[in-house]
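There are 2 protein chains.
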Amino acid sequence: MTERTYNIAILGATGAVGTRLMSQLEESTIPVNSLKLLASSRSAGKKLTFKGQELTVEEATADSFSGVDLVLASGGGSVSQRFAPEAVKRGAVVVDNSSYWRMNDNVPLVVPEVNEADLQGHNGIIANPNCSTTQMVVALEPIRRAFGLRRVIVSTYQAASGAGQTAWDELVAQTEAHNAGEKMVANILPVKGSDKHYPLAYNLLPQIDVFEDDGYTHEEWKMIHETKKIMFGDKNSKSVKVTGTAVRVPVPVGHGETVYFETESNTGATSAGIQQALSQAPGVILEDNPKKQLYPQPINAEGKRETFVGRVRPDLENDDSFHMWVVSDNLLKGAAWNTVQIAERLVELDLVRVPVGAAGKFEA
Amino acid sequence: MTERTYNIAILGATGAVGTRLMSQLEESTIPVNSLKLLASSRSAGKKLTFKGQELTVEEATADSFSGVDLVLASGGGSVSQRFAPEAVKRGAVVVDNSSYWRMNDNVPLVVPEVNEADLQGHNGIIANPNCSTTQMVVALEPIRRAFGLRRVIVSTYQAASGAGQTAWDELVAQTEAHNAGEKMVANILPVKGSDKHYPLAYNLLPQIDVFEDDGYTHEEWKMIHETKKIMFGDKNSKSVKVTGTAVRVPVPVGHGETVYFETESNTGATSAGIQQALSQAPGVILEDNPKKQLYPQPINAEGKRETFVGRVRPDLENDDSFHMWVVSDNLLKGAAWNTVQIAERLVELDLVRVPVGAAGKFEA
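Chains as they are written, first to last, in full-length UniProt numbering: chain A, 1 to 364; chain B, 1 to 364.
Read the hints as simulated data drawn from the structure, not as lab findings. Please note that the accuracy of each hint is not assured.
It does not matter which identical chain is used: a pair holds within one copy or between any two.
In the PhoX-like style, the derived pairs of lysine-lysine whose C-alpha atoms are separated by at most 20 Å in a straight line are [claimed, not checked]:
no., residue 1, residue 2
1, Lys46, Lys183
2, Lys89, Lys361
3, Lys196, Lys183
4, Lys292, Lys51
5, Lys292, Lys192
6, Lys46, Lys241
7, Lys183, Lys361
Being a predicted model, the structure only gives us computed values, none of them experimental.
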């Protein structure tokens, strides 16, 4: 029997995540028959290299997806809104890194270490979660399995590249300007296209994405509802309470998170037990030794696929309550690697096929 | 009646806080008769300007404090341990910015907006709290007064200058090196004299001060016990539960804090009520308007004496629980300004005198 090989398309190939989708795919176990690079007309014609072969970026159209088996999409919400259904209609399975489809009841939202089983019965579109959510659930899931999980309070320390290559470039340019005694120019953060822009260099911005009416940012909203959907199968699950604050920090790559959590009571949770569960968990590297000053740091996590956890310790005044510090490369586990990892699992489980009639679920 | 004027000494005049003690004193209401600048032998001979007059830094000895009414100390723990009792013995009142005396039962730990009354009955030494504690209690106290306070969970985003001028300089040097593609050199952070040093530039360090045996850093320990002593008069008070994680971020000046708190139940706490209490509170500036993208930022807080609060909103799934985001200049309200403010209050309340017999309380 001949092994199946796959015709793959990357949609949004030229961004910070797009280029990493290519390198993660190069290093993956997926047997690639052909690779097509798709982007907006602005980027069409650019040359990129995959496995030593020069490829030319093409402008994405609905017909670009004919003959494609698997699409890795990182072109933003409106691009995925438009093209994911067209791809599915043409028989391609889409793993989508945008936020557009994540809350759709017909779309599984998947972090393989947590809810790989949700890939079964997909309808052609699988959503990749928000970067800050992904690393948090990778760290929380082994704790939930061992001791249950009632409550999460998170504060994020999010890198500039979470807002794309332009935000990363702007951070470096602002830092250089400030060091030279010049004025910092801000055109991207906190939100592209917003009324006001602020420098991130040597600063902190407690706004990621737009504000909701309830005073939370959309990033905070995502962390609440995506966590519930991934871990408990329902974006409004009452099985766990999740809340927090998302803050942008002047770091190029690597999100940090202080995660405070409460386990179920009477499950015997201790710091040692939690560390034990984390040390055996897939995708997690426990870096937790205060005596040796060992704890996760963004500069050490950059370029790695794992989620790093340290500073595990109990709240000294509240039962069943603990702190931990979680760091991961937001462009890899937070985006490109989780997307390619989902694709790997789809291949290994022989799920790269659109069920008959499924395309209709995504028609406008 | 002639107004009393004061002979003042600044101990540790040459550091990042020391120079700000001078500028805050220049701008204060305290009638200064004379100012003496004291430091280690290493800094003796340096010239600094106060109110247009050039002053020479002298090496601190026990006798330096003869004839001094008021000492503003920022020379570090071992310096304050040694010299504060000598100063008190010679009749000088010491406002100490180090951590050495803060937990001493004979020493009030004071943030004027919170517990000015604790200045009454002092014994000659008054302690200034840790920077991250000060701005938090300024923001929490008006909430406690209006709605009670049961629980606090804080995550800090602390600036390099909290570890002194050398840490600040190192951050800038590391950033320049990184931007130039050179190796970053780390000799100061996370803790001077520790076994390992890590770069802060473009990074996050979840360690401030040394680790305690229970896995908390000493900075986190300070935030717990100083908050209890300042707000409830007892470093082990059970009236409020406090916990958190302290993280160093690549910002030169201005600490940020996500503060999650629970009020007493049935006190009618709402975000609007909390915002109202904060807007009328001394030392607080409410910057909280999501529609206008208004929230506190370190680059706006630098050089200001106030504590800035924004992002006030309820936890959507837990009663009586709220988030806020607190920013202040760690070198001013977190250090120099709070010290000078205490001195101002001592002057206004006519408390710049050492009670008879008090010096004995600090003898080794």
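| query | Can you name, in rising order, the numbers of the hints this structure does not satisfy? | reply | Structure breaks hints 1, 4, 6, 7.
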